[in-house]
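There are 2 protein chains.
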Amino acid sequence: MNTFPDIPLNQIDEVVNRSWQAFQEYRTLPLVKRAVLLRAIAAELEDMGDAWLQAAHEETHLPEPRLRTERARTIFQLESYALACAKGDWMRISIDSALPDRNPPRPDLRKMMIPLGPVIVFGASNFPYAYSTAGGDTASALAAGCSVIVKAHPAHPQTSMLAAQAIERAVQKTGIPAGVFQHIYGASFEVGKQLVQHPRSAAVGFTGSFSGGKQLFDWANQRPHPIPVFAEMGSINPIFLLPDHLQQQATVLAEKIAASVTLGVGQFCTNPGLLVAIASEGLEVFRSKLIECLRQTVPAEMLHGGIQRAYLEKSAQLREQPGVETHLAATQGPALVATSQLTQVQAKQFLADRSLHQEVFGPATLLVVCANTDELKEVAACIEGQLTCSVFGSDQDLHQYRTLCEELTHRCGRLNFNSVPTGVEVLQSSHHGGPFPATTDARFTAVGSDAILRFARPICYQNCPEEMLPDELKSDNPLQIWRKVNGEWRNGSMG
Amino acid sequence: MNTFPDIPLNQIDEVVNRSWQAFQEYRTLPLVKRAVLLRAIAAELEDMGDAWLQAAHEETHLPEPRLRTERARTIFQLESYALACAKGDWMRISIDSALPDRNPPRPDLRKMMIPLGPVIVFGASNFPYAYSTAGGDTASALAAGCSVIVKAHPAHPQTSMLAAQAIERAVQKTGIPAGVFQHIYGASFEVGKQLVQHPRSAAVGFTGSFSGGKQLFDWANQRPHPIPVFAEMGSINPIFLLPDHLQQQATVLAEKIAASVTLGVGQFCTNPGLLVAIASEGLEVFRSKLIECLRQTVPAEMLHGGIQRAYLEKSAQLREQPGVETHLAATQGPALVATSQLTQVQAKQFLADRSLHQEVFGPATLLVVCANTDELKEVAACIEGQLTCSVFGSDQDLHQYRTLCEELTHRCGRLNFNSVPTGVEVLQSSHHGGPFPATTDARFTAVGSDAILRFARPICYQNCPEEMLPDELKSDNPLQIWRKVNGEWRNGSMG
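Protein sequences appear in the order of chains E and C. Per this note's numbering, the first sequence runs over residues 175 to 669. Per this note's numbering, the second sequence runs over residues 175 to 669.
Don't read these hints as lab results, they were simulated from the structure. Watch out, some of these pointers could steer you wrong.
You can't tell identical chains apart in this list, so a pair holds if it fits in one copy or across any two.
[Claimed, not checked] Straight-line C-alpha distance at most 27 angstroms; calculated DSSO-like pairs for lysine-lysine:
#, residue 1, residue 2
1, K347, K261
2, K207, K658
3, K388, K367
4, K551, K648
5, K658, K261
6, K658, K648
7, K388, K463
8, K430, K463
9, K261, K488
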């Protein structure tokens with residue numbers, strides 16, 4: 175699919191060094207300049223109009239309305255990170271004044287965030303805009319003050335090129351050093367490895383499969399100087415359906431969940447691949463309705479042949495596991511079309527067979543039927559780290575299953591109540607992350623302005639003369655940033 | 175020296191499982207309860223009086239005044255983390271309210287920090303109190319809501335035991351589950367490995383050598399589920415002596431720096447092992463005075479035989495490197511005594527020979543003489559990640575060397591102006607960390623209340639009913655925590 179030539183391996187050194195050179199200048203620019211760049215990128219993306227939509231549609235087979243929404247999200251993301259960047263809260267500034275009369279005298283200490291250096295970004299195939307070339311990793315790295323090298327995703331090379339050109343125009347128009355953003359192609363394993371292991375690469379952002387993310391993580395940690403990798407990888411996003419709610423709302427619930435399972439042909443990292451419930455009449459009603467809804471969903475084309483093949487293979491493997499009952503089997507339609515799948519297994523079998531816990535990327539979900547509350551809790555306690563867990567329950571259920579909910583907070587990055595996991599808001603309060611293997615570092619988010627923190631670190635200035643301080647730390651607070659000064663939040667001068 | 179038996183390897187599983195069990199309960203306790211525990215530990219340490227001092231003096235040979243200061247620091251640290259823990263700012267709470275009329279409706283999102291799980295702590299030999307059993311790693315892990323397993327440092331097993339017993343008394347008196355803190359011995363390699371690689375271990379805190387910290391980091395990353403390691407390792411803490419200041423203040427400067435180099439027999443992670451200056455008359459005066467001051471310093475005993483041996487070996491190796499001139503050679507005194515060392519090398523040689531960049535743990539420093547400003551900047555650009563860098567300069571110097579100072583922020587965690595690096599304040603604005611190889615994760619600090627963040631991660635509650643929310647996130651804000659609510663800082667009710 176990719177007609178763009180791979181970068182020759184002997185040019186990677188030049189690319190990373192160029193990024194590093196540009197970083198030397200970019201990192202010193204004021205926050206407002208970074209915000210201007212992010213807004214200029216947003217404007218350039220907007221200005222491309224339908225050309226960018228058409229390229230993405232051709233390469234990903236995603237329908238136009240979905241692509242319009244994703245494009246709007248990508249533009250909003252750039253604008254919201256621009257706002258956050260200039261506002262400066264993300265720098266988590268703390269100032270403790272000198273106490274010259276203490277014995278020994280206490281120095282003046284002022285702490286803020288500075289960028290790490292060149293960030294290598296590997297985008298996702300399933301979000302050609304929002305998690306790709308001009309997506310969240312690029313936006314947050316630029317907001318942090320880092321330079322960026324994007325390796326284009328081979329599944330949408332043209333879409334990626336158009337985004338890169340838009341960014342390059344924005345860089346040029348805003349007078350930012352050109353090397354701050356670079357875009358390269360490289361389908362080979364070795365390109366990724368050399369980028370991640372180059373001595374001047376400082377961090378990695380990745381969205382994709384477990385095997386891809388884990389490989390980058392290992393390469394980064396095997397360097398003489400390891401660097402942080404934020405890889406957002408697989409997740410099965412379990413939904414726990416509690417008994418009273420199931421009894422009362424079986425039909426509505428089935429409709430909601432069917433819509434979430436099949437949204438975007440199931441090609442979301444927050445797709446609910448696991449449903450957990452106690453055997454009951456309500457569950458029977460729910461299941462019948464779920465099967466009906468899944469059957470009625472008009473099947474659509476998947477992103478590319480590789481994803482379709484993997485979906486059909488993995489969903490077939492799942493059906494053949496011992497104890498697995500199939501209510502609806504995934505089938506191949508014309509071209510890249512694939513239909514949804516519903517399988518079922520008893521909790522005992524699920525607990526015994528780890529292969530049932532694996533992600534099937536696509537519109538498939540596995541219903542785990544528990545004999546009782548204890549089994550439900552055992553299932554909750556055995557699931558691996560997730561981006562999200564969800565609970566559907568009445569007030570009565572939630573009261574009764576309070577400890578289950580508490581347990582689930584330790585399994586995921588986001589806990590939903592009576593709502594489906596698909597749909598991730600670009601907000602500071604969002605957390606799109608979670609314990610391994612959902613991501614390689616549970617302490618950071620890939621979405622929302624706190625994503626900037628992945629690519630920054632604190633520096634403390636001790637006894638720095640006022641005129642040598644960066645504006646962010648000056649006593650008169652010219653940028654009016656909210657700072658913690660001697661333990662109190664203030665956005666004015668230290669006075 | 176260690177007369178306590180190693181833990182049998184087959185008991186490690188039980189210890190970690192016990193920690194994990196206790197964590198299940200401890201993590202649900204309110205912040206104020208964690209603060210009560212930390213204060214109770216501080217009180218128990220205080221109550222031990224001279225017994226604890228005596229044990230530490232016998233095991234570490236550190237003089238009593240130094241130990242009294244370190245004890246006070248350790249107690250202050252526990253109290254200040256207790257305060258920070260209960261205040262809750264460290265949880266970085268963010269709330270974005272629902273917008274039900276938006277299309278699609280925006281959910282209610284509330285984000286806070288939760289603890290990671292059992293933390294394995296490996297203390298330092300050079301700080302038997304403040305960076306050891308009841309030190310910063312233990313205090314911050316407990317504040318985060320984690321359970322703790324300390325592997326006692328083999329160089330001060332009795333001091334460690336007394337601290338552990340004090341913590342255990344505090345745990346008992348405050349009604350905290352006993353397994354929240356456990357203390358074990360294990361000189362063998364395998365004990366550390368099994369602790370770090372146990373499936374239920376969640377994070378690692380370490381202070382010590384590069385080889386020790388890097389080994390733990392590698393073990394943690396080789397797990398099927400990698401876990402974060404915060405290892406504070408070596409640092410040579412370069413000091414840049416700028417020309418005008420050298421000219422004006424050579425004598426005073428030499429006195430200050432000699433005191434910093436020899437403080438605690440040079441056994442500080444912030445010990446200045448490198449001095450960088452341009453050849454000048456001022457430098458000659460400085461050097462003569464420095465030699466005089468170092469000679470006059472009364473030599474003292476080092477921590478233990480291993481450290482003394484390593485110091486004498488490494489300082490001898492340094493003297494034998496090509497181009498190294500010796501002004502004062504380290505010598506062995508009676509028992510564990512060792513004298514200080516001053517060597518010198520031309521910048522060209524320093525730039526060419528990486529072995530000269532290595533830490534010599536003890537009262538030794540290497541003077542790098544530059545021919546001109548360009549060489550000084552080259553030296554600054556080639557040094558590895560450091561805990562601290564320091565600059566001594568007049569106003570005129572600092573104005574002239576502004577880009578040097580900016581460059582140094584990207585080499586270290588703390589940049590000092592006209593002050594020596596030894597001495598680390600326990601304050602929120604402190605940053606005791608730095609780029610690899612100073613630490614394994616530049617994004618976190620080992621000292622100051624932000625150290626808590628090493629052992630916590632965000633969780634986001636989506637559409638959570640009010641009565642199911644933890645107190646930290648409730649709309650009426652019963653804990654009066656400063657939270658970001660719809661983009662504004664508030665410590666009251668959402669009202």
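Alpha-carbon proximity context of K551 and K648, limit 27 angstroms: So K551 and K648 pass the 27 angstroms test across copies only (26 angstroms; inside, 53 angstroms).
Same-copy or cross-copy closeness of K207 to K658 [CA-CA at most 27 angstroms]: For K207 and K658, both the intra-copy (24 angstroms) and inter-copy (25 angstroms) Cα distances are at most 27 angstroms.
Intra/inter-copy verdict for K261 and K488 if alpha-carbon distance must be at most 27 angstroms: So K261 and K488 fail the 27 angstroms test inside a copy (46 angstroms) and across (49 angstroms) alike.
As a check of your reading, is K430 near K463 (CA-CA no more than 27 angstroms) within one copy, between copies, both or neither? within (11 angstroms within a copy, 79 angstroms between copies)
For K347 vs K261, is the C-alpha pair at or below 27 angstroms within one copy, between two copies, both, or neither? within (23 angstroms within a copy, 46 angstroms between copies)
Homo-oligomer pair classification [K367, K388; C-alpha up to 27 angstroms]: both (12 angstroms within a copy, 21 angstroms between copies)
Is it within, between, both, or neither for K388 and K463, if the alpha carbons may be no more than 27 angstroms apart? Intra 38 angstroms, inter 55 angstroms, cutoff 27 angstroms: neither.
From the Cα coordinates, with 27 angstroms as the cut-off, is the pair K658 and K261 best called within, between, both, or neither? Intra 15 angstroms, inter 13 angstroms, cutoff 27 angstroms: intra and inter.
Using 27 angstroms as the alpha-carbon threshold, which applies to K658 and K648: within, between, both, or neither? both (13 angstroms within a copy, 23 angstroms between copies)
Violated hints for the displayed structure, listed by number in ascending order: 7, 9.
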